[in-house]
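Same order as they appear, the protein sequences are chains A and B.
Going by my numbering, the residue at position 10 of the first sequence is 33; the numbering climbs one at a time, nothing skipped.
Going by my numbering, the residue at position 5 of the second sequence is 6; the numbering climbs one at a time, nothing skipped.
Hints in this document: simulated from the structure, not taken from any laboratory.
These figures come from a predicted structure and were not determined experimentally.
Some hints could be false.
Just so you have them, the derived chain B footprint on chain A, three or more residues with Cβ under 8 Å [said to hold, decoys possible]:
1) 65–71
2) 82–92
3) 109–117
4) 120–129
5) 147–156
Sample of chain B residues with no beta-carbon within 10 Å of chain A, all distances over it, derived [as the list claims (entries may be wrong)]:
6) 76
7) 216
8) 297
9) 506
10) 652
A virtual CB, placed ideally from N, CA and C, is assigned to each residue, including glycine.
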Amino acid sequence: MAEEKKEAKIVGFLCNWCSYGGADTAGVSRFKQPTDLRIIRVPCSGRVDPLFVVKALESGADGVLVSGCHPRDCHYSEGNFYARRRLEVLKRFLPFMGIDPNRFEYTWVSASEGQRWQQVVTKFTEQIHNLGPAPKREEKSDR
Amino acid sequence: MRIGVFICHCGSNIAGTVDVKKVAEEAKRFPHVVYSTDYMYTCSEPGQLEIQEAIKKEKLDGVVVASCSPRMHENTFRRTVEKAGLNRYMFEMANIREHVSWVGVDKEANTKKAIDLVRMAVAKVTLNQPLFPKSFKVNKNVLVIGGGVAGMQAALDCADGGLKVILVEKNPSIGGKMAKLDKTFPTIDCSICILGPKMVDVGQHENIKLYTYSEIEEISGYVGNYEVKIRKKATYVDWTKCTGCGLCMEKCPSKKAFDPFNEGIAPTTAINIPFPQAIPKKAKIDPNYCRQFIKGKCGVCAKICPVQAIDYEMQDEIVTEKVGAIIVATGYSLFDHTKIKEYGAGKYLDVITSIQYERLLNASGPTSGHILRPSDNKEPKTIVFVACVGSRDKSLGVPYCSNFCCMYIAKQAILTKDHIPDSQSYVFYMDIRAPGKGYEEFVRRAQEEYGVKYIRGRVSRIFKRGDKMVVRGSDTLLGTQVELEADLVVLATGAIAEEGARELAEKLRISYDPYGFYIESHPKLRPVETNTAGVFLAGACQGPKDIPASVGQGSAAASKVLSLFSKDLLESDPQIAHVNEMLCVDCKKCIQTCPYGAIEEKKTPMGKIVASVIETVCQGCGLCTATCPPGAIQLQQFTDNQLLAEVKAFFHA
């Protein structure tokens, strides 16, 4: 049991207008969630450089989550389309870097979808716990 | 740097599940932190004073507040630090309420998470730069989308305040849903009698430019400088000539056209003026029914029109207007009851919707205000009203309450008794919701004075027996089945988002909820603002509301615009992209990516061609920053280094 309680290190990049608001809505509605995730606020999911995700995974993250506005509902009209393209490519590219693509997900949560945010966090945290801690990158590169 | 950290208890909201003392204690050990404390309510006046005193005493040049969401109080604290002489952008917030204390149950884990978030905020603020806003000129015209009662009120208030208003309505006349109503609750005022004069005011106001039968094609720009393309749909009648005499309607041979104003309860002519009080009172042709369009010959209206206004060749026209602010008042639609099979799915003529019934009650309606049921034009004696048809029903995807149905059912039942004194009305309801001034008393009157029988229960089936409609349902107060034989059944259809609401939101770059209603900036404190600067909401497009609430919001939105326009210059948000000219390789990727056209090329004094950001146009999305190969263009306050510093701070505790 004690081992199960150990937290995973999960980073979330959330756009200010939809998903960060959705996480706030979840908070205001007291939708309970696992405590592993640390949220970083960005203006738009399109601001997320895929390298951020890679850097986070390389520096010890067990999982990275990016969440933006639903496609066609972007505050900046088309930012999440760029995000979707970049992050989909990244997800397919991760195995070539020796990273399990299941450690990274991107999703869309609007400011009103507090309950959906709760489900996203719970599911992703569970997914990362099932994968276990990420293998140490330095050790891998030694081989 | 010298950074101060302030941890808020928020009463017990944070302190209840986070060890705030420990967070404040831990924060003292973070790099650059010279001062750290906790306080009961940091946003209170003494709480803010404490920050200001610490800035002066400890000579702080960066501040981190760990409290609620930055979406709540970022501006409050930015002003606080500014008053103490610090640049307002030398401030960061750690959200330890919405993202920690309210969602986690384990105090130990919450405390650890809060410490991490504070460490990340400290790491970020270390790299913050002082930023200074630029000012730009404002176009003081306002666009109002939607000519229902909310939009009309907003347009009139803005126009009276001296602003030029562009009012766009997609129907041929303004007036909205209210123009269709017979009476209004709880005063039984004649709806068009109180709305009509307002419509005339809008039509005649020198500051209001009216585009009816028009829709928004495209919106570009930003607060203070929007450019709007409006599609004027072809009416096939030259409105500069049409006098609204109505002769064409009398002579038109195509008399079976669908009448949207009468909700299809009776037909109209292919060329028609929607209703007698229409503003503008002009005719238009429905090409789906006009013989000239279907068969290629007729031309009766063209021959008869005394001013030769008919033009069968007319095309849609696109016009462009420039405005500084936009009020969205697009209203709502009604639930389509034909989706409900057990209620006959629209196949029974004598099962009608409440808005259709409203037209039957109305003196200018198809029956001249006599209640005659559609199947045989007989006067109904037993009328059954069914509440919550398409509201409060998860299985139909409409879990919310439509707000005003309970009230209009009571009104329609009272009017029924007035029209047909020997009639009996029944209402199937779930709960009676009458929370307005004089509303509860009004429902009571319907029950006690007018003898309307209220049955608490849902209707399971409606079917035909002879020339009667049988309504089968339950009475949950008596715990029994009920079966009523009715002459007419009226379904109180719930409010849903207006058709096209989502597409319009995408053009406006505002958000909508899962049902298509627009989302306001804050559910309690910013009810008519959106998260897009310069775009405001009024009326039922934000959620179902009755007439007084819509009018109130119309005025509220207008006052927001008037206060926005009270200054000649607006300040732009300086959290925008900035080009490092040394690094820029002029690849033009940022120029292609920018959704606002905010990046152009320029020549440096050294003769190098580089990208350059137009500061008042940039909206700070950061798309360019994630695109730039050498990392030359950086979104200030969200630079690569700042975001990576946050990531690093999480892992290297």
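| task | Just pull the numbers of the violated hints for me, sorted ascending. | result | 3, 4, 5, 9, 10
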